[in-house]
Amino acid sequence: MSIALEGLQVTLRTPGADVPLVQDVSFRIEPGQVLGLVGESGAGKSLTASALIGLVAPPVRITAGQLTVRARAVSLDSPEAIRPLRGKEVGFVPQDPFTSLDPLFRVGDQLVETLRAHLPLDRVAARERAVQLFADVGLPSPAERFSHYPHQLSGGMRQRVAIALALCAQPALVIADECTTALDVSTQAQIVSLLARLVEERGTSVLLITHDLGVVGELATEVAIMYAGRIVERAPLGPLLRAPRHPYTRALLDAVPRIGGEVGGALPAIPGTMPRPGALPPGCAFHPRCPRASERCKNERPPLERSGDSELACWHPLEAGASRG
Amino acid sequence: MISGILTRLLQGLGVLLVVGLLAFAVSTRMGDPVNNMLGQDATIEQREAMRRELGLDQPFVVQYGRYLGRVVRGQLGVSYRLGIPVGELLVERLPASVELSAMAMFLTLLLGVPLGIYTAIRRESVLSKVILGSSLVGLSVPTFLIGLLLIFLFAVQLQWLPSSGRGQVVALGPWTTGLLTSSGLRSLVLPSITLALFSLALLLRLVRGELLDVLHSDHVRFARARGLSERSINFRHGFRNALLPVITVAALQLGGLLAFAVVTETVFQWPGMGLLFLQAVQFVDVPVICSYLLLAAVMFVLINFIVDVSYRVLDPRVRSTPGGS
Amino acid sequence: MRLSLGLLEGTRRGTHVALLVIAAYVLLAAFARWVAPQPVQDLRSLDLMNASLPPFWNAEGNRAFLLGTDEQGRDVLSGVLFGLRLSMGVGFAAVALAMLIGVTAGLVSGYRGGWLDAFLMRAADAQLTFPAILVAMLIDGVARSVLPRSVHETLGVPVVIGAIALAQWVPFARAARVGTLVEREKGYVQAAQVMARPWGIILFGHVLPNVLGPIVVIATVGLGNAILTEATLSFLGVGIPPTSPSLGTLVRNGSAYLPSGAWWMVVFPGLALAGLVLAVNVAGDGLRDGLDPKQRGAVS
Chain E
1 MSIALEGLQV
11 TLRTPGADVP
21 LVQDVSFRIE
31 PGQVLGLVGE
41 SGAGKSLTAS
51 ALIGLVAPPV
61 RITAGQLTVR
71 ARAVSLDSPE
81 AIRPLRGKEV
91 GFVPQDPFTS
101 LDPLFRVGDQ
111 LVETLRAHLP
121 LDRVAARERA
131 VQLFADVGLP
141 SPAERFSHYP
151 HQLSGGMRQR
161 VAIALALCAQ
171 PALVIADECT
181 TALDVSTQAQ
191 IVSLLARLVE
201 ERGTSVLLIT
211 HDLGVVGELA
221 TEVAIMYAGR
231 IVERAPLGPL
241 LRAPRHPYTR
251 ALLDAVPRIG
261 GEVGGALPAI
271 PGTMPRPGAL
281 PPGCAFHPRC
291 PRASERCKNE
301 RPPLERSGDS
311 ELACWHPLEA
321 GASRG
Chain Y
1 MISGILTRLL
11 QGLGVLLVVG
21 LLAFAVSTRM
31 GDPVNNMLGQ
41 DATIEQREAM
51 RRELGLDQPF
61 VVQYGRYLGR
71 VVRGQLGVSY
81 RLGIPVGELL
91 VERLPASVEL
101 SAMAMFLTLL
111 LGVPLGIYTA
121 IRRESVLSKV
131 ILGSSLVGLS
141 VPTFLIGLLL
151 IFLFAVQLQW
161 LPSSGRGQVV
171 ALGPWTTGLL
181 TSSGLRSLVL
191 PSITLALFSL
201 ALLLRLVRGE
211 LLDVLHSDHV
221 RFARARGLSE
231 RSINFRHGFR
241 NALLPVITVA
251 ALQLGGLLAF
261 AVVTETVFQW
271 PGMGLLFLQA
281 VQFVDVPVIC
291 SYLLLAAVMF
301 VLINFIVDVS
311 YRVLDPRVRS
321 TPGGS
Chain F
1 MRLSLGLLEG
11 TRRGTHVALL
21 VIAAYVLLAA
31 FARWVAPQPV
41 QDLRSLDLMN
51 ASLPPFWNAE
61 GNRAFLLGTD
71 EQGRDVLSGV
81 LFGLRLSMGV
91 GFAAVALAML
101 IGVTAGLVSG
111 YRGGWLDAFL
121 MRAADAQLTF
131 PAILVAMLID
141 GVARSVLPRS
151 VHETLGVPVV
161 IGAIALAQWV
171 PFARAARVGT
181 LVEREKGYVQ
191 AAQVMARPWG
201 IILFGHVLPN
211 VLGPIVVIAT
221 VGLGNAILTE
231 ATLSFLGVGI
241 PPTSPSLGTL
251 VRNGSAYLPS
261 GAWWMVVFPG
271 LALAGLVLAV
281 NVAGDGLRDG
291 LDPKQRGAVS
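Chains as they are written, first to last, in the numbering used here: chain E, 1 to 325; chain Y, 1 to 325; chain F, 1 to 300.
There's no promise every hint is true.
Unchecked claim - Sample of chain Y residues with no beta-carbon within 12 angstroms of chain E, all distances over it, derived: (1) F222; (2) R224; (3) L252; (4) L254.
Said to hold, decoys possible - A few chain F residues facing chain Y, derived, Cβ under 7 angstroms: (5) L116; (6) L120; (7) N253; (8) S255; (9) V266; (10) A274; (11) L278.
Hints listed in this document are in silico derivations from the structure and should not be mistaken for laboratory results.
Glycine included, every Cβ here is placed at the ideal spot set by N, Cα and C.
Put together the whole structure using the sequences plus the hints.
Here it is, written out as structure tokens:
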């Protein structure tokens, strides 16, 4: 059963004007597939993630959007409609394992609490299930760790606990919001491979929010690039990495230093900064920073167009088939 | 944990010693006890005899040591103003202050905590705004004014309640209580309301602030994302986390109550220790001042100590850190 | 992406109103001599025939004395205006002094560390076990008994200012110290140290501006408290000498006549006081919301 998001719109309601933060975001994720949502800070990717579980607080509001999970279509602009989905159909792995677990409760108790909130389990059965889940996520000595407090665990272990909490009710979609960002590199690698394994075992769909292209390369099957609140390109992983069509995607990939690449010379950076919401330039939002911008780009915003299994919003895309230098 | 408690205990004792030293040093500088006791007309021989009797010819350290020895045995000197042993005075006045402060603390907790919770959970309601506004007023109006206005309204104009004094008291061993007589209870009403108002407003705002902070924290957000019920979030994860700082401040406010009692006791002529202290300051009744300060120091140190210990019990993070913070 | 949301409309209006009110108070106090109908310090202007008159809207009132008079014929309105000067003056001075002492102590303590830091912090902790009012009362009482009587009149006000300041320096010191500890590790401080700039300049020129935020917040709370403390001390009779009464002293004087029904001697000074502190508190709240980087309700 695939996950489908249609037309997500998130707006900031201020007394002066309504500022659109996320516009017209749609995607589809098949079971067992991982969609990586990539972009700079402020592009709107975390907001998208929060919107999918309805954790958006006024004056920021979800003004449009429909999420289809397990054949149920839910209107995202209604908080009551989304609430029953949390944890059960849609799981969420947070960014910072340090602050996301309640420091006053044992991790085992927190998992049992979550299990019993969604599944009809008695205390004993829930405890057993919890220990099993801890083992599944690779937590060493799960029975012992059950009685530990969050501050007694390392960062990597905490993130494993968070993943267990997110997955325990077996949701169809798991949203991982920068969940490796707060970890050191080696722990990151472990968590990434854990996620890969879990996805394969359970056939969950994953929305992977990150700005780290390395993680995307490891885990994602498809990638969507966000810029200034919109998706500007979406393609399967291989084609996107080999032959990006949007100049922004190209610039992002170029900016990643490569081991074994040329030594010396400046690291290519994208000039300028991403425009803030409410201060978007006319036409294509990327045009001030784009080396290929034309008059048309300055005046007309390119629509997101589908071709095959990809999507692209650009008037002057890079040639298909042109590989990275 | 034990070492942490011991450290705290020693620190408390240290504070007491310092306060004792200050009190003693001040007392030797403030006025001349020989003069106070013998009057202006004493002869030089009489003065010398008195000095020797009082031990005033000994070095400072020796005097301090003897002073401490007397204090520990309960011999706190004789009041310059009333000629009665200070110990007796304190014992006589203690019940009045304790009952007043206890009643005020009770009112503070009874109203402060629920109102604080309400204004945090139902932020937008009109009632919340009214309560918050009133709390701000409660913090701005001086205690003595409230007392006077209450007296004017309820005692002078309406004549429902007495305007001063403790009413009829019943002696229970060394203790005198006003709680067992109707006049005693009626006398307690206005003073305890007056005393409670400021700390009530403070506690209310504190509870609200802490709860709001917690409710917007990462771990509450994650709890929501996992699909836990609002009730569970508010009370289990929200309140318990907010409780810790609230307990600390509430306990410290008890100390504040003891201080503000001076004002309330003055306005209502309540025969407690606060009024005693004020009269002692006005008269420069050194033994009473010193003894009151020592007693106050003991109480505050005790309160701080109890708060520290309970923090360790309630917060698992502090428990496992050797020595705490 | 953290969105910085402005204040809610209601709060902003409240803060503006509060600031206007404070400005009005300041103006009235500054120009009291010209605004007040009666120069109450001048004993010759008093007439006992005018004693204890109720406010002018009352049948026995007199239009010349809008808010009534006290038992010596002193106009309550004028008394309030002059009293405001003292109450506000002492409050501001006390907070300023507390800030000076506390911030300096905190900055030096946090920067130098070592035994100075340990000592200051122990002292601060010890003092914190006592509520400010008691500390102020005590210092005031001590000063009073130590100083010869002749000096009481002239030194009365500075003593009260000093007492309140000494009672309130600790929060400033704490905030300054914490901020300094954080800033000390930052690049610009270490750069300045490498350039061998004298530590005094580093401390006051570089670190201080970055630490000011929370200190300003504490100052606004402290101002309200200082004004209340002064009023309380005066009410208790251990504050400013009664020859130039502050609002607290006026309430003290008037309270004796309350049982006989002369409410105006207590209510008007009291309302003036409460209004001032309320305005300060509201403005402080608004200021705090504006400076607080935490946004409640935004999502990143």
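Hint check results:
1. F222: Nearest chain E Cβ is 4 angstroms from Y:F222, so the label is violated.
2. R224: 6 angstroms, violated
3. L252: 21 angstroms, holds
4. L254: 24 angstroms, holds
5. L116: Because about 17 angstroms separates F:L116 from the closest Cβ in chain Y, which is outside the 7 angstroms limit, the hint is violated.
6. L120: Hint on F:L120: violated, closest Cβ of chain Y at ~14 angstroms, above 7 angstroms.
7. N253: 12 angstroms, violated
8. S255: OK, holds: F:S255 within 7 angstroms of chain Y, min 6 angstroms.
9. V266: 5 angstroms, holds
10. A274: 4 angstroms, holds
11. L278: At 4 angstroms from the nearest chain Y Cβ, F:L278 passes the 7 angstroms test, so the hint holds.
Hint compliance for this structure: hints 1, 2, 5, 6 and 7 are not met, and every other hint is.
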